[in-house]
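Protein chains: 2
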Amino acid sequence: MAWIVQKYGGTSVGSAEKIINVARRIVRTVSKGHSVAVVVSAMGDTTDALTALAKQIMPQPDERELARLLATGEQVSSALLTMALHALGQAAVSFTGAEAGVLTDGVPLNARICDFKADAVRQALEAGKVAVVAGFQGVDRCGEINTLGRGGSDTTAVALAAALGADSCEIYTDVDGIYTIDPRLVPAARKLTAITYDEMLELASLGAKVLHPRAVECGKEHGVVIHVRSSFHDEEGTLVKEDVGLEKGTVINGIACDENQVKFAVLGVPDRPGVAAKIFSAVAQAGINVDLIVQSISRAGENDILFTVAEDDFEKARSVLQPLIEEIGASTLRYQHNVAKISVVGAGMIHHTGVAAGMFQALADAGINIEIISTSEIKISCLIAAEHLQEAAQAIHSYFNLQESCACPQE
Amino acid sequence: MAWIVQKYGGTSVGSAEKIINVARRIVRTVSKGHSVAVVVSAMGDTTDALTALAKQIMPQPDERELARLLATGEQVSSALLTMALHALGQAAVSFTGAEAGVLTDGVPLNARICDFKADAVRQALEAGKVAVVAGFQGVDRCGEINTLGRGGSDTTAVALAAALGADSCEIYTDVDGIYTIDPRLVPAARKLTAITYDEMLELASLGAKVLHPRAVECGKEHGVVIHVRSSFHDEEGTLVKEDVGLEKGTVINGIACDENQVKFAVLGVPDRPGVAAKIFSAVAQAGINVDLIVQSISRAGENDILFTVAEDDFEKARSVLQPLIEEIGASTLRYQHNVAKISVVGAGMIHHTGVAAGMFQALADAGINIEIISTSEIKISCLIAAEHLQEAAQAIHSYFNLQESCACPQE
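If you read the sequences in order, they're chains A and B. Mapping the first sequence onto the numbering used here, position 49 (from 1) lands on 49, and the numbers just tick up by one. Mapping the second sequence onto the numbering used here, position 49 (from 1) lands on 1049, and the numbers just tick up by one.
One or more of the hints may lead you astray.
[As the list claims (entries may be wrong)] Simulated DEER-style distance windows between Cβ atoms: (1) A:THR193 <-> B:GLU1311: 39 to 49 Å; (2) A:VAL290 <-> B:ASP1234: 26 to 36 Å; (3) B:SER1398 <-> A:GLY89: 36 to 46 Å; (4) A:ARG318 <-> B:GLU1311: 56 to 66 Å; (5) A:SER31 <-> B:LYS1316: 45 to 55 Å; (6) A:ASN21 <-> B:LYS1316: 22 to 32 Å; (7) A:THR375 <-> B:GLN1060: 54 to 64 Å.
[Stated by the list, open to error] In silico DSSO-like links for lysine-lysine, alpha-carbon gap of 27 Å or less: (8) A:LYS18 <-> B:LYS1055; (9) B:LYS1220 <-> B:LYS1278; (10) A:LYS55 <-> B:LYS1129; (11) B:LYS1018 <-> A:LYS55; (12) A:LYS129 <-> B:LYS1055; (13) B:LYS1263 <-> B:LYS1278; (14) B:LYS1191 <-> B:LYS1018.
No wet-lab data here; the hints were simulated from the structure. Source: prediction; values computed, not measured. We treat Cβ as the ideally placed atom computed from N, Cα and C, and that holds for glycine.
Using the sequences plus the hints, can you model the full thing?
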């Protein structure tokens, strides 16, 4: 007699047939006596298709209007899933993000959830209905529709689980759980039974697309255990939680890859205080996330500053940076597409030395050049040419012996 | 410096390119100093596609969920059109039906507008913005999304014009205006410069799909002059208003055709009071609109009752009627597909005799048999075999000389 939040991603609801399958799974859970609230993403590639349509009209559409456009995707899938539940004889009712009580911070396309007033959802559950909530969206205090950014339905689900005090939050997806690395890159990849919030945060923010970083943050903040599992079968997936117990001894838990990067190089930057701040505050003001940053050692009073941004932000970044070159007295702006970031992540790194050295050795053994290096307490990232990504992934996965459940470097 | 409401139908906003063209037209109107509120339909065949998707899941989807599903179509087009206005440098803001203040009566899929609290739209116009309102939808007093039924965006536009006290309400469509008859049937069809509300109501309810009947009713009730015109060029279309002035002398203003009919015949009905009522109340309770009705002269204490329903309602009507036959003591139920209704409409008929005789003569001259006749003050309808529809239309159009601007029978 548990309260369960289930979230189904776009692939799981990509067609009428798949929606009916999802409805069957929900009904199976209800038939065990549980109360189920469902959060649903837009069908298949709806969000991409709507974005493409908007960009046909205007390369940089107004953010308010784009948010309102994109929010329709989840309204469609929530209505259809509710109909599918009715078709199976299950009482159900759909909610937009606004109706479900998702209050957001007013950032149109990348909003954070400030509050989740889940009373209406709770009442539906108490009345024996399945509540089907449109993910990825909320309204701000002025009633304006905001979206939560790519993958934001995960966050809706975890926030709803927290608001309801649910016993469990299941994220159904098209993969079986969290792997040591994307199995499409390295077939020997191993599914983890559990991973800490912090490790998952690093993996998620590094481009492992299974779970949205804010969902992990929200889970961590409210102590919601997140169960990432497949919508195609009933096997257990991976639990994301504070303390992973048995697997605590491992040094590295995963490798994340991100091909979607562009490297910028600002060459000949005068070596005086405030110049780097000027560059990065201009980029930040344009709403662009900068990833890896390195500054070379000063030569003859000049620096080279390198950094990466997501490929999607390339045009915006270039238009912000180009006029800055003259203003700050730098010599040239260069950029390079087709670069990839590969990162190893593990909470165990805090207590183990030699992980960075091992990673560099694995890449060197494979003859792969490292362009940028960046580290945190529990991760190390390297930028390499995108064409070598798979090779690099295999070399590192094998070097750290991640196919075995205790991941230590092979000696 | 007028306040203008413009409504664009699905064909006019069927692609990104067409949406940009619509935006250009709006900007031209604004550049003349006018304030413009726009009502927009869903793109192209979006509503049909969403309905089909719902029916894949469940043949009779829940009406609440279907309304919520369909309402997304206009939310998409209103956001895209607003972006297109921004791309042209025009300040603009989109509204859902709920945000625009459309209060409906709570019938999920066929709601009527109870009230239009257009304050938010008015404020946007006063701030120099174009207000882009999602047509076809509103919310009831509980905040539930309702849709207005097929073609309901016309009604949104006329109701908004009434609420704003707008100077003009322009309905942009893929035809040039209201014609004496569908030009695809009769190439000599003539565009009317004006038509009365009552004539338009007869034409609309007879199947001329240019303007939604409730929009005409709403225009009549609030004295909103409706200008039906093409979104593809700048020529004047047809004004729908109370008094058509110059053209008042015409007897007939239009011919409407409806191929989408099935004829039912209940044969051998006992000639006693209450039998016809029994038949038609059963049909009405099933939500089926009955069109032409005739009852033959009683022979030997028995009548034959003939009537037509829309082809879409055929199965439902048959399942209601079949069990009634025995109950009322009739002998047989027959039906006939492939029948068409042709109607002549004109406010001038009230004061002119001989229109019916002229119509029958035109059909007789063309050798076309009339199966049912029905008349009102301003219209005469005949049911004929569908295969003769075009021939009949040409014969009647030519008999009444409708290609000339003064429509009188050719003597």
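Cross-check of the supplied hints:
Between THR193 of chain A and GLU1311 of chain B, the C-beta spacing of about 60 Å breaks the proposed range 39 to 49 Å. Between VAL290 of chain A and ASP1234 of chain B the Cβ separation comes to about 50 Å, which falls outside the hinted range of 26 to 36 Å. Between SER1398 of chain B and GLY89 of chain A the C-beta distance comes to about 59 Å, which lies outside the given range of 36 to 46 Å. Distance hint check: the CB atoms of ARG318 of chain A and GLU1311 of chain B are about 58 Å apart, consistent with the given range 56 to 66 Å.
For the hinted restraint 45 to 55 Å between SER31 of chain A and LYS1316 of chain B, the CB-CB distance of approximately 34 Å leaves it violated. Between ASN21 of chain A and LYS1316 of chain B the beta carbons are some 31 Å apart, a value that agrees with the proposed interval 22 to 32 Å. Between THR375 of chain A and GLN1060 of chain B the CB atoms are about 60 Å apart, so this pair conforms to the stated range of 54 to 64 Å. Restraint check: the Cα-Cα separation between LYS18 of chain A and LYS1055 of chain B comes to about 14 Å, which is no more than 27 Å; the hinted pair holds.
A threshold of 27 Å between alpha carbons decides the hint, and for LYS1220 of chain B with LYS1278 of chain B the separation of about 34 Å lies outside it, so the pair is violated. Taking the CA atoms of LYS55 of chain A and LYS1129 of chain B, the gap is about 22 Å. The hint holds against a cut of 27 Å. The suggested pairing of LYS1018 of chain B with LYS55 of chain A holds, with an alpha-carbon distance near 14 Å, which does not exceed 27 Å. The hinted pair formed by LYS129 of chain A and LYS1055 of chain B meets the criterion: a straight-line CA distance of about 22 Å does not exceed 27 Å.
Restraint check for LYS1263 of chain B and LYS1278 of chain B: satisfied, since their Cα atoms lie roughly 18 Å apart, inside the 27 Å limit. Between the alpha carbons of LYS1191 of chain B and LYS1018 of chain B the distance comes to roughly 24 Å, so the proposed pair stays at or under 27 Å and holds.
Violated hints, listed in ascending order, are 1, 2, 3, 5, 9; each of the other numbered hints is respected by the structure.
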